[in-house]
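Visitor: Sequence:
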Amino acid sequence: MARTGGKITRPGAPDIPENQRVEAVERALAILDAFDRESPLLTLAELARRTGIYKSTLLRLAGSLQYCGFLIRDADGRFRPGPAIPRLAPLAVVQTASLETRIRTSLAHLASETGETASFYIRDRDDRLCLYRHNSNHAARHHLEEGTRLPLAQGAAGRVLAAFTSGDSSEQATAYFVSVGERDPAVAAVAVPLFSADKAFLGALSISGIRGRFDEARRLAALDCLRREAALFSAQP
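Everything in the sequence shown is counted per the numbering used here, starting at 35 for the first residue and increasing by one.
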């Protein structure tokens, strides 16, 4: 989360109207979002710096988070996430594991059908993150490692993520994007949005390959495969 014009903002967040959100809740969650693997303990000053929230307000919000078990303040005054968070975490893990299995199955189908690398990206702030991938069997291929971060503004998958997380309906109407040598001169890619059965946007489904082999005809064929796989995926409950 970041603070822009006095308000908490989160790049890549769903486009929820302001009249359906509560600023105090968002500021409280910004406190939890300030922690990470490298910083599991934070002082009040560090929290203020990371969130942009005044210390006096931070203390009140932290008090509510402590009361509900989402935050703990140690004897030395530093804060850390509370026991309510690991209690809820398994619920998300179960859903994520099921979703991962389904997406990986789709990627395997796509890689087999097209002969190229199939990937699933999500938006993480101003980056696109390769969450899952199935690499091509070709010796010369576009090889990706899971966890790779790439610019959001370059590449077909990045354009899909930007379109469906920014609320720009004109961009969303396109429904797919093609990139040829945008990020890497040797790579071309096609990407479509992936939705759940309840129409929630999940991320970008992409096929990428070496530009000389992955020509326009193959890109169009890959687009058909992507659309078909995305439709089958969203039809499953």
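Hints in this document: simulated from the structure, not taken from any laboratory.
Among the hints, erroneous ones may be present.
[Stated by the list, open to error] FRET-style restraints, in silico, Cβ to Cβ:
| id | residue 1 | residue 2 | range |
| --- | --- | --- | --- |
| 1 | Thr139 | Pro74 | 32 to 40 Å |
| 2 | Ser98 | Leu75 | 15 to 23 Å |
| 3 | Thr139 | Gly103 | 53 to 61 Å |
Cβ atoms here follow ideal geometry from the backbone N, Cα and C, with glycine treated the same way.
Visitor: Mind checking the hinted window 53 to 61 Å against the Cβ distance between Thr139 and Gly103?
Guide: 37 Å, violated
Visitor: Okay, Thr139 versus Pro74 on CB: inside 32 to 40 Å?
Guide: 35 Å, holds
Visitor: Do Ser98 and Leu75 keep their Cβ atoms within the hinted range of 15 to 23 Å?
Guide: 20 Å, holds
Checked against the numbered hints listed earlier, the structure breaks hint 3 alone; every other hint is satisfied.
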